[in-house]
Every structure is written in C-alpha cells, then in structure tokens.
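Just so you know, the sequences run in chain order A and H.
Each residue of the first sequence is one higher than the last, beginning at 345 in our numbering.
Each residue of the second sequence is one higher than the last, beginning at 10 in our numbering.
There could be a bad hint or two in this list.
Subject to a maximum C-alpha distance of 20 Å in a straight line, what follows is the list of computed SDA-like cross-link-like pairs (lysine to any residue) [claimed, not checked]:
#	chain 1	residue 1	chain 2	residue 2
1	H	Lys303	A	Gly475
2	H	Lys303	A	Val539
3	A	Lys358	H	Ala398
4	H	Lys303	A	Pro492
5	A	Lys490	A	Gly475
Between beta-carbon pairs, the in silico distance windows are [as the list claims (entries may be wrong)]:
#	chain 1	residue 1	chain 2	residue 2	range
6	A	Asp565	H	Val390	48 to 58 Å
7	A	Arg467	H	Gly344	47 to 57 Å
8	A	Arg472	H	Ala28	28 to 38 Å
9	H	Leu12	A	His489	16 to 26 Å
Honestly, the hints are just simulated from the structure, not real lab data.
For glycine and all other residues, C-beta sits at the position ideal for the given N, C-alpha and C.
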Amino acid sequence: MTEVPAAVTLHGVKKAFPLGNGRTLDALNIEHWSVSAGSCTVLTGPSGSGKTTLLNLIAGVSLPTAGTVAVHDTDISALPEARRDSFRARHIGYVFQTFNLLSAFTALENVMLSMMFADAIPRHEQRRRAGEVLARLGLGARLSHKPPQLSRGEQQRIAIARALANRPQLILADEPCASLDADTAREVLDELLGVCREASTTLLVVSHETAVLTAGDQIVDITAINRPEYRLRAVESV
Amino acid sequence: MTLLTVALKYLRGRFVASALTSLSVALGISLVIASVLLSRGIQQGFMEGTTDYSLLVGAKGSPTQLVLNVVFRMDLPTPNIAYRTYLDLKNDPRVEVAVPVAMGDAYQGFRYVATTADYFAPFPWRRKTFAIAEGRFFRADTPEQPAYEAVLGADAARRTGLRVSDRFHEGEEMAEYPLTVVGILRATNSADDRAIFFSLASYWEMNEVSRKMKVKPLTAVLVRPKRMSDLPGLHRGLNISVESQGVFPSAVLLSIFNILSLVDEVVAVILGAVVLVVVLYLFVSMYSATLERKREIATMRALGARRATILGIVLLESCALTVIGGVLGIAGGHGAAYVGASMLAGRAGPVGNLFVVGLLEPVVFGGVVALGALAGLLPAVLAYRTEVAENLAPLS
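In isolation and in its complexed conformation, chain A is listed as follows (with noise of 0.2 Å):
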C-alpha cells in the first residue's frame, strides 16, 4: 500500500502566550501530528483548547514558541516573514468563521484581492479566474455585489471562493459553518467538500457541527494530540 503524503506536519510544537508580568500562558504541546494531504480532516475540541491556535500556526500567521509546523515539506515555522506571507498565499487558502470579506469590495474583488496577493497569476487573467470561482459556487450573477448586499450564505461562498482561488494545495477552514443557518450551512460545507475534492486539496476544517463530523475522512480530537500544561507559568530568569 502506497504511503499517503502528509500535507501538513507538526512536531514538538508548543505554543504560550506572554501575560504580562513574566507569566505565560501554555496554549498548545503537541509532540507529533500529521494531516494525509487530499484528506479532509475535522478538528474538534472543547473551546479554548487550542484549535484555532493551530490553524494560525498551520497558516503561518503566528509562529510556534518551539518546534516545527511543515506544510508540504516546507518548513514554514522556519521561514522569514515575507516568505511566509508568499508561501501561504499561494498555498494555502483560509475560510473564516465570520466570512472576514472586505466590505468595500465586490464579490469578484475580493475574490481577486488573494490572487493578487500571491502573485502567481497575471493580472489580465485573474478577472476571469474569479468570475469562474464565483460562478462554480452558484454565484455568476453576484460578482459585483458587495458583501452587505448578499446573504450569510452567498458571503461564506465568496469566501471559499476566495481561498480557492490560487488553487492552493490546503485549506484551513474555522468552523465555516458556525455563522450559518442549518440548511444554509449544509449547502456550503457540501460545496466546499466538493470543490477540495475535485481538487485533491487538503482540507482542514475545525468545526463542532455534526453536519461537519460526519463529512469528514477523519475527525480529530485535539485534546488527543495537545497536551499543554494548562496553567499559567511564571517564565524563570536566566
């Protein structure tokens, strides 16, 4: 049997945050995981357990306090910032809770906003790329409509357009259907699982939706794999 890549690797990753007064807050211990690229993986977990916490050290928009986050061999805990603002916008896509769209721009800009942040496709086709995205998640005859004039659910499209936009290798999504009426949030998790599937991307969902549980491969219980201290640690001086 063929070994399964692994899109994303952690090892001995920890994560605190300073509170001030030489305490730190011990957020995330985990010694080794690994996430089989084309898989969609669902993390769960109670709140404040360090879910979101991970994502970010997944994405590269927060660096872990020891160890090392690789997304497909890269090691982008080791990368200067630049490169990693490079890195994760050509290869990962990121769908938020609360959409995060950018009101003063239309559906086709704000899809087009992520292409011109990676870089990676010239501009006179990046129009065109977006009207596609939009138009495969139902929503060609919304490309200039602003986000206050849409629904939750064609908001949440726009934003999984977005992240799939540069066609990136994996997808981090926090709890993208938490802000969604049942129905609604059925409808967009069916699409987001198809287009990652169409593709072979990588998708990593942190969700507590049942909806969401059962559509993953694999569900993961981060208080399986984290296992931080839990309490506040005075930092001893050297």
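For chain A, the structure is supplied; the task is to place chain H on it using the hints.
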C-alpha cells in the same frame, strides 16, 4: 487589481469621510495658493504699473505719497510744483520725454488726471500701450479756449456708466465746467483704467485757484532720460532744489514691499498653522480609518498580503487624498485669487497675471503629497504592525 485600485476602493468605501478630508486639504491649499498668488500679483501689478518712467518729479515731501498718488491714484495728492519745472525738464538735453501730470478731484471715486497727449504716446520703450476703444483722445487746447474733453479709463467708464458724448461734473460748484466724454480707453490692467483724463488747460480753467495763478500748477512730471547713466545726475539735481524732489518709483515700491514683508511673514506663519491643522486632520482621519479596519487588515495579511503591501495601501490612500485635495486646492486657489483680484482691481489697484503656472504650483503640490505621506505614515505603520491572529478572532 493593483495597490492603487485597492487604496482607491477603500477611499470610495468611506466616501463621505474621504470627501471631507480631501475638501479640508483643498481648502487649506486654496488658502495658501490664493494668498501667495494675490500677494505676488499685487506686487507684480504695482511693479508693472510703475516701470514705464524711470523718474518721478514732484513737490518735496513723502516719496511714497508722491508715487502712490501719481502712479497708482491712491493717497492724497502732494503739494503742487510749478509748470516751469516741467518746461525745464523738457528742455534738458538729458531728458528724452517729460510728461506733466496734475491730479485733481474725483468723479464717483475715479481720479481726474490732467496731462498731455505724451502721456498716451507709444514710445518704443513703453511696455504699456494705450488704445481708444471708443471715440478719440481729447484735443490739445489752451487756457484761453479750454475744450473740457475727457477720456475715461476702461473701469471708470464701466463703473460710472458714462458713454461718449455724455457730460458730467463732480459737485454743484463744478456745474459751470462740465466735462464731455470724447473717448474711452481699452483696459490696460493698470491704475489708468480707473482714471479720467483731460487736458491741463481744461484742468487749470476748471479750478478757481489755478485760474487766477500766473504760474500754473502741476502735481508731478514723469521723466524718461535719454540714457540711463544720466538718471543719477538728474535725480541729484532735482533733490538739491528746495521745492522739488525726484524719486525712483520702483525703489519706492521696493521699500514699501520691504516694510510689508513683516505682514508677509505673519501671513506665512498663519498659513503654516493652517497647513498643520490640515495635516493633523488628515492624520486623524487616516488613523481612525486604520483602527476601524484592523480586522480587514488582519484578513488581508491572512490571505497572504505582506506587511509592506498593507503599509503601501494606507500610504497610497493618504497620498491619494492629498493629490485630490491638492489638485482641487490649486484650482480653487487660482479661482479665489481671481475673485480677490477682481475685487482688488475695482477698489485698490491692478493685480498681475494670476494664471501663469510657475514654480509655486508644483512646489505646493509636491509639498502637499509629501505632507500627505507624512500624515499617513503613522497610520500606515499601525497597519503594518497589525497582529494577524489577535485581530482575526471571531466577533462576539
């Protein structure tokens, strides 16, 4: 999409705030441009109005009063000099042209200027040209047979409403000596537009005192020497006399401008304060806009935007606001200066050409954009330093 289109989209997204900010920049720039243009235009207008004649000869007294009254029709007339002074100068071999001038009362605020045809003569060295728009020049007459013919400057004709062949007089005591309009001059953009010209003979005969005088009075003589090298000698000779003085009009103006330079400095300080307030307003506007969209900035960073990209967007927004405000301000400043110049031309004196784009506009424009970048720098750094994870947390 480019950084500039992103910046402009953001500005459009908060249209009212952006428009108000640009408007405040435009108003500040308008004030600066209008003040500088008017100040420069007034100086230029005065200098241009006085450069035709090198020397002005009048009664002993204030040189400033003499120049303001004879050349610019301002202030009170100086005491008279004898007509002989004019004749002496006219016959002086060093003098090319001498033009006698007598300043009289005024009709509806437009000064009577008695002179000869030489006043309007097109000498090759003259920058100013006189042309008749309607009618003709007044005839050369004699005290025995005064013609009482008047030629009106363009402004004087327009504002008094007098037309060719109209008769007019100032006050009941002058009703016996009405003047007849025989001509109207084309505009010269000088104080001459606000004058009413007629012959010396008519002037002397209209005035009861001068009518009885054997030695006829003049206010001043305008002198052009044959050679500029003769000017100091002429000047010295005239100033030795106990009755007359010779003044260089341009030198008098320069000394007036030097005295007024203190006012210029005060105005410059006030304008500096205005610019500072505008920059502060721009800074506050950009700063609050940046604070309001820290979440959007964090989102852009999460999508892969580099810190430098975010910095660039905010700086471009700030610069775009000042570019729009700067362009509007320069146009508005020219408009305000034009309105101000029209008002001044009617009430005080000529104003030079305000529509010559010189170094001022690019310097002000460049300065404004640089200040805009400066005002946007701190908000841009704030945006640059936005922590992604911290600002991406879901809204409660």
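20 Å limit on alpha-carbon distance, applied to hinted pair Lys358/A and Ala398/H: This hinted pair holds, its Cα atoms lying about 16 Å apart.
Restraint check for Lys303/H with Val539/A, where alpha carbons must lie at most 20 Å apart: The hint is violated at about 31 Å.
His489/A and Leu12/H - C-beta distance against the hinted 16 to 26 Å: holds (24 Å)
Hint check for Ala28/H and Arg472/A - Cβ pair distance inside 28 to 38 Å: Taking Cβ atoms as reference, Arg472/A and Ala28/H lie about 33 Å apart, which means the hint holds.
Cβ distance range 47 to 57 Å for Arg467/A and Gly344/H, holds or violated: violated (39 Å)
Restraint check for Lys303/H with Pro492/A, where alpha carbons must lie at most 20 Å apart: Within the cut-off at roughly 18 Å; holds.
Restraint status (C-alpha distance of Lys490/A to Gly475/A at most 20 Å): holds (14 Å)
Hint consistency between Lys303/H and Gly475/A [alpha-carbon to alpha-carbon, up to 20 Å]: Distance of about 28 Å is beyond 20 Å: violated.
Cβ distance range 48 to 58 Å for Asp565/A and Val390/H, holds or violated: The hinted range 48 to 58 Å is violated for Asp565/A and Val390/H, with Cβ atoms some 42 Å apart.
Hints 1, 2, 6, 7 from the earlier list are contradicted by this structure; the remaining hints agree with it.
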